[in-house]
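Position chain B relative to chain A; hints supplied.
Those sequence lines, one after another, are chains A and B.
Just so we're aligned, residue 1405 is where the first sequence starts under this note's numbering, counting upward by one.
Just so we're aligned, residue 1405 is where the second sequence starts under this note's numbering, counting upward by one.
Keep in mind the hints are simulated off the structure, nothing from the lab.
It should be emphasised that the depicted structure is a prediction, and the values quoted were computed from it without experimental measurement.
Cβ coordinates follow ideal geometry from the N, Cα and C atoms, glycine included.
There may be inaccurate statements among the hints.
What the hints assert, rightly or not - Okay, derived cross-link-like pairs now, DSS-like style, lysine-lysine, Cα gap no bigger than 27 Å in a straight line:
| hint | chain 1 | residue 1 | chain 2 | residue 2 |
| --- | --- | --- | --- | --- |
| 1 | A | LYS1624 | B | LYS1510 |
| 2 | A | LYS1517 | B | LYS1618 |
| 3 | A | LYS1408 | B | LYS1456 |
| 4 | B | LYS1624 | A | LYS1517 |
| 5 | A | LYS1408 | A | LYS1510 |
What the hints assert, rightly or not - One-sided and incomplete, this derived list gives chain A residues near chain B with beta-carbon spacing under 8 Å:
| hint | residue |
| --- | --- |
| 6 | LEU1501 |
| 7 | CYS1503 |
| 8 | PRO1524 |
| 9 | MET1533 |
| 10 | LEU1535 |
| 11 | PHE1540 |
| 12 | GLY1542 |
| 13 | GLN1543 |
| 14 | PHE1545 |
| 15 | MET1609 |
| 16 | SER1617 |
Number of protein chains: 2
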Amino acid sequence: MQLKSRTIYLLPSLLSEDSDAFFTTAYFQSFYATINTYICENEKVARHFFKKIGTPIPQEELNLIQLPKHNDNYSGIRNFLTDNLQNSIGLLSDAGLPCIADPGNKVVQLAHKLDIKVVPVAGPCSMTMALMASGFNGQNFAFNGYLPIKELEKKKAILLLQDRLIKENQTQIFIETPYRNQALFESFLKYLKPNVNLSISANLMGQTEFTISKSIIDWKNENFVIEKIPCVFVIGNR
Amino acid sequence: MQLKSRTIYLLPSLLSEDSDAFFTTAYFQSFYATINTYICENEKVARHFFKKIGTPIPQEELNLIQLPKHNDNYSGIRNFLTDNLQNSIGLLSDAGLPCIADPGNKVVQLAHKLDIKVVPVAGPCSMTMALMASGFNGQNFAFNGYLPIKELEKKKAILLLQDRLIKENQTQIFIETPYRNQALFESFLKYLKPNVNLSISANLMGQTEFTISKSIIDWKNENFVIEKIPCVFVIGNR
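Extracted from the complex, chain A is given alone in its bound form:
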């Protein structure tokens, strides 16, 4: 593939530590072995990724800038973009696809404003993988990110989204930080109707990955405990 200047490539990263085989291919090497200018979520994580997938570019030749912690301070990123118009630039988040349940979209906005071509590159996305594996409706779905932590607000959000599932057949996708998996799971069992279906995908692209998809009533009939592992939760109709 011939990479272009004045172009930002939105590049995928590891989904699990076991998923490097996906990236050590000619296709991805055509990006990672060519681009040396990156905007990344976290420099350490990016350097670990490049090491793991065996990029031939020496680490000291990589020109990396981290995303700012706060959304209101993108002047450094703007300068980095304008300073590197003659290069192909990569945008990289810590895991999976940038801009999807991950930072990066402010960079893409800047690129459009600066008339830099934006090219998304296909790669692992845990939300769409969990949706595929759920068996639920994939013609209409919403990703809701994290639900509120406070019980009453969480209950309200779950009931609203269950309502959209029932009325619109819109499959609902959620993520949670691993140490709150069990609490979210228990809230689903408590608040969702018995005939609603819940699918849990865990450790996607990892050696121990699994997807279990069943009705709330069936989930209640076993004492399932979710470990503190990366999970995607999907509720839907069958």
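Quick look at chain B alone, frame taken from chain A:
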């Protein structure tokens, strides 16, 4: 990668005719050069795909079954699954990921019921790629498939989804059949507020791919005409 029996792999397919480099890699060959038992959306399209990516399995050794045209007739698929429990089975749609804006989810439901392990495989998904490239919020988004064709119903749907964008900052994603692209585009210009943003991604992974992301008022200021090419439409906030 060691593929397993009693397992169905949800496999990606070409997004554009130019995207075969993505699949002619060791990673994907570990699936396509090993699995000879497939459930596919369309047998001709599947065979074209295997030929294009150079699968070493001779075409006559591929055991393919097509999805039924109607949702109520999955007994053939059920028999195919139970007859092939000793094999790794692939599920393949005509383009991109199965089950996402594409058929396949009924097969996944059957697999869960028959206690067949379901493994989603990462690959090109035009909706998430268009979302990344839009620069809009990727923490909360909905994919709405096709909008109604009749003008009044289409208007109602657009206004409802604009409302969700404004109230919930939920980015809205749509697809359309290529020959209706221009009509949908004109409806967006007509019904969306001037400060709402519309991003159009066309021919993703193709030689001529582009993403243009700007406000409705800016779109109105030029006489843009969309060709009859595969497009994803995204409306969102900046």
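Hint numbers the structure violates, sorted upward?
Going through the list in order, the structure violates no hint and respects every one.
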